[in-house]
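Student: What follows is each chain in one-letter form.
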Amino acid sequence: MLNKRALHAYIFGLFAWALAIILSLKFGATSDADIGVIVQLRLPRVLLASAVGIGLSVAGASLQALFSNPLCEPYTLGISSGAALGAVFGASLGFHWIFAGLTGTAFAGALLFTALLFVVAHRPGITTLSLLLAGVMLGFLGSSLVALWMALSDANGIQGALLWLLGDLSRARMGGALFTLGTASVLTLALWLRWRELDALLMGEEGALTLGIAVGKVRASLIFTIALLVAICVSASGMIGFIGLVIPHFVRRLVGSLHLRLLPLCAIWGAAALTAADVTARVLARPYDLPVGIVTALVGAPLFLWILFSRREAS
Amino acid sequence: MSSPVLGAYGISFSYGRTPVLKDVSLELERGEILALLGPNGSGKSTLLKAIAGILPLKAGVVRHRGEDFLRNTPQMRARAVVYVPPDLHAEFPLTAREAITLGRSCHLNPGTFRYYRSSNDRELVREAMERCLCWGLRDQDLHTLSGGERQLVALARALVQGAKVLLLDEALSRMDLNHQATMGKLLRELTTEGSSIVLVSHDVNLASEWADTGLLLRKGQSVAFGPIKTVLTEENVRKLYPGSELSVGASPATGAPKVFFGTFQS
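Protein sequence lines correspond, in order, to chains D and U. Just so we're aligned, residue 1 is where the first sequence starts under our numbering, counting upward by one. Just so we're aligned, residue 1001 is where the second sequence starts under our numbering, counting upward by one.
Hints listed in this document are in silico derivations from the structure and should not be mistaken for laboratory results. Bear in mind the structure is a predicted one, so any value in this text is a computation, not a measurement. Some clues are possibly wrong.
Stated by the list, open to error - Partner residues are not named here, just some residues of chain U that face chain D (Cβ under 10 Å, in silico): (1) G1007; (2) Y1009; (3) M1076; (4) R1079; (5) H1107.
Built from N, CA and C at the ideal position, the CB exists for glycine as well.
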């Protein structure tokens, strides 16, 4: 199971993650913080960044395999738009309901959209492509409602909503971070246990069926697990882009596409990447806080292009 | 008379409202190679996919060793009958060897962490790749292979899957002559090892070389079914390709029936 490339990917990934954690604990708004600041403010932030990084990249990798589509990312299915709708709605009504560190209204919105998608996935005879399109349309619906709500609200509401839409880790608290880390890990493990089915889905829907996978059932349960994972990540941190798209492609370049290897490495590299992006955001904008989503997009977009073109040359 | 390994009885299928198959039946004995022949759009591949359980039947029943085959779970079906597609395609990087190990996935239980590459599986994969002349391609990515090479890989994956009934959907169509001949021999070897094969081919003359029995299809209906020599007559073949000049003769080397198209001015 462990060949040389995979071993290197594990070692470098864990090393990068550890380095990002140390830097993240060391640097912040001030450089000479005492231990209390580090434990109370920075540690939860590191834990939350790791949890969300794990969740987004594992969800992205699984969705890409499920839909046989390299362009899929955790937000493709529209779950995040449900969360955004809930969050913006809640924030502008001054309704701050925090449930285990998650923005309660966002989580409710995400769950609502998950349920809608699950109903669609259970329609008899629905193809993978129409399921994907249904998710994308759900996303458009959610975003346009968010835009409508923002157009109707005042400057304060827009400011808060914008911070949330860009992805923000600054509100991390210890309890919530631990909860997010725990649930994200459990759901990641649940997806990892489906490595056999995800591998077969690499050959497409028909291919997976002929390899002995009950595609309809597997698809519905995978979607539910992934949607829940995305819902938790998004309600904890807002919409952090690019991690769920770039990390899976990056790790595939290192170790190939088989999921027994791919998913744990995505978890490690995703955690490392988001933790590193977060410390970069804090250091760059010192003493202010830059939304981490801006950094992931700024670094992620060129990185993705590089992955894309280096692959083109290789083949 | 021994009972057939695979039987399909009264198969009907339609895409939406367009009927594609109308009341087609066939039987496959152990160790036999059956060729499904017919013009483009006659329903050959559709029939194969319907038997494999990829397409839902409108009417009819498929029996594998006497049991209602399509009632089984996909995993049990994949262990008994393997469908070989005309091409292997993956959106993501996948080496030839990885694609072939996927054939073992129907022998693993869901949720297991036992990797396909147990020493037994690894040996099976190597053996199948050597038999299908693609061991040299093992570390190449699928999308860097030619169409014919991918077909060798698809055939190796089918061997690894270990099912005793093989359904080949134009599975040799893009191989070069040498590979086609070698794989034809391999198919014959497989039947002596107890496998039974249904193959779809638009190349009548290639199929007639390997097949024991034939089923001729035209517009989704069965024209003739039986031993290949009694099925491939001039009268039957003219029904398949109405309006074209053709004649049927015997191969000087093997005696297999061959169809010659075109006008011969002799």
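Student: Hint by hint, say whether it matches the structure.
Tutor: Here is how each hint holds up against the structure:
Because the beta carbon of U:G1007 sits about 20 Å from the nearest beta carbon in chain D, more than 10 Å, this interface hint is broken. Annotation: U:Y1009 was flagged as interfacial toward chain D, and the flag is violated, the nearest CB pair being 22 Å apart, outside 10 Å. Because the closest C-beta pair between U:M1076 and chain D is about 8 Å apart, less than 10 Å, the hint holds. Proximity of U:R1079 to chain D holds as hinted, the smallest CB-CB distance being about 7 Å (cut-off 10 Å).
The beta carbon of U:H1107 is positioned within 10 Å of a beta carbon in chain D (closest approach about 8 Å), and the interface hint is therefore held.
The structure shown violates the earlier hints numbered 1, 2.
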